[in-house]
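All residue numbers for the sequence shown refer to our numbering, where the first residue is 3 and numbers rise by one.
A portion of the hints provided could be inaccurate.
[As the list claims (entries may be wrong)] Simulated restraints, written as ranges between beta carbons of each label pair:
no.: 1; residue 1: Q20; residue 2: A79; range: 12 to 22 Å
no.: 2; residue 1: F40; residue 2: G74; range: 13 to 23 Å
no.: 3; residue 1: Q113; residue 2: Q20; range: 39 to 49 Å
no.: 4; residue 1: S77; residue 2: L26; range: 32 to 42 Å
no.: 5; residue 1: D21; residue 2: Q113; range: 22 to 32 Å
no.: 6; residue 1: D21; residue 2: R101; range: 13 to 23 Å
no.: 7; residue 1: T116; residue 2: G74; range: 36 to 46 Å
no.: 8; residue 1: G74; residue 2: R101; range: 16 to 26 Å
no.: 9; residue 1: A79; residue 2: E19; range: 24 to 34 Å
no.: 10; residue 1: D24; residue 2: G75; range: 30 to 40 Å
no.: 11; residue 1: S103; residue 2: E80; range: 17 to 27 Å
no.: 12; residue 1: A79; residue 2: R50; range: 31 to 41 Å
no.: 13; residue 1: V78; residue 2: Q20; range: 40 to 50 Å
If you're looking for bench data, these hints aren't it; they were derived computationally from the structure. The beta-carbon is built from N, C-alpha and C at its ideal position, and this holds for glycine as well.
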Amino acid sequence: MQISTDCWRADANERTEQDKADWLKARQEESDAWAVKFRMPPLEGTERSVPWGVRCRHQIMDAAHTALVVEGGTSVAEWEEIEDSARTVTRAGWWIDQRFSQPEDLAELLQAATGADRPTENPHF
Numbered sequence: 003m004q005i006s007t008d009c010w011r012a013d014a015n016e017r018t019e020q021d022k023a024d025w026l027k028a029r030q031e032e033s034d035a036w037a038v039k040f041r042m043p044p045l046e047g048t049e050r051s052v053p054w055g056v057r058c059r060h061q062i063m064d065a066a067h068t069a070l071v072v073e074g075g076t077s078v079a080e081w082e083e084i085e086d087s088a089r090t091v092t093r094a095g096w097w098i099d100q101r102f103s104q105p106e107d108l109a110e111l112l113q114a115a116t117g118a119d120r121p122t123e124n125p126h127f
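Kindly produce the complete structure, drawing on both the sequences and the hints.
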C-alpha cells in the first residue's frame with residue numbers, strides 16, 4: 003500500500019508536533035524541579051511568558067554555574083551571591099531577554115536589572 007505524499011506529510015508533521023510537545027514538557031518539568039531544588043521564587047508575567055522564563059532562567063543559571071564555578075575560578079561563596087541576586091529577579095521577561103547572553107556576563111546582567119525586574123529585594127519571600 004502506498005501512502006500519498008499529502009498523507010505522509012500530515013503524519014510527519016503530526017509526529018513532529020507531538021515530539022516537540024513531549025520535549026517541551028520534559029524541559030519544563032526539569033526546570034520546575036530545578037527551581038524548587040534551588041529555592042528560586044516563582045516568576046511573574048503572562049501565562050505564556052512564565053513557563054518560558056522558568057526554562058530560560060534554568061538554562062542561564064546552569065550554563066553560568068558551569069562556566070563560572072565548574073570551569074572558571076568563581077568560588078562557591080561568590081556563586082551563592084549570584085544565586086541570591088538571581089532570586090530577586092522575578093520578571094519572566096527579563097530571563098527571556100537574557101537567553102542568548104554569555105554565561106560569564108550573568109553577574110553583571112543581574113546587577114544591571116532594574117527595579118521593575120526586582121519587585122522585591124527579599125529573595126526568600
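To see whether the hints hold, each was checked on the structure:
As the Cβ distance of Q20 to A79 is approximately 45 Å, the hint placing it in 12 to 22 Å is violated. Against the hinted window of 13 to 23 Å, the Cβ-Cβ separation of F40 and G74 comes to about 19 Å, which satisfies the hint. Taking 39 to 49 Å as the suggested C-beta distance range, the pair Q113 and Q20 conforms, at roughly 42 Å. Between S77 and L26 the beta carbons are some 35 Å apart, a value that agrees with the proposed interval 32 to 42 Å.
Remark: the range hint 22 to 32 Å for D21 to Q113 is contradicted by a beta-carbon distance near 39 Å. Hint check: D21 to R101, Cβ distance near 22 Å, so the stated range 13 to 23 Å holds. In this structure the hint that T116 and G74 lie 36 to 46 Å apart at CB is violated, the actual value being about 27 Å. Between G74 and R101 the CB atoms are about 20 Å apart, so this pair conforms to the stated range of 16 to 26 Å.
A hinted range of 24 to 34 Å is violated for the C-beta pair A79 and E19, which are about 46 Å apart. Look at D24 against G75: about 39 Å separates their beta carbons, and that is inside 30 to 40 Å. Take S103 and E80: their Cβ atoms lie about 18 Å apart, and the range 17 to 27 Å holds. With their beta carbons about 37 Å apart, A79 and R50 fall inside the hinted range of 31 to 41 Å.
Separated by about 41 Å at the C-beta atoms, V78 and Q20 satisfy the suggested range of 40 to 50 Å.
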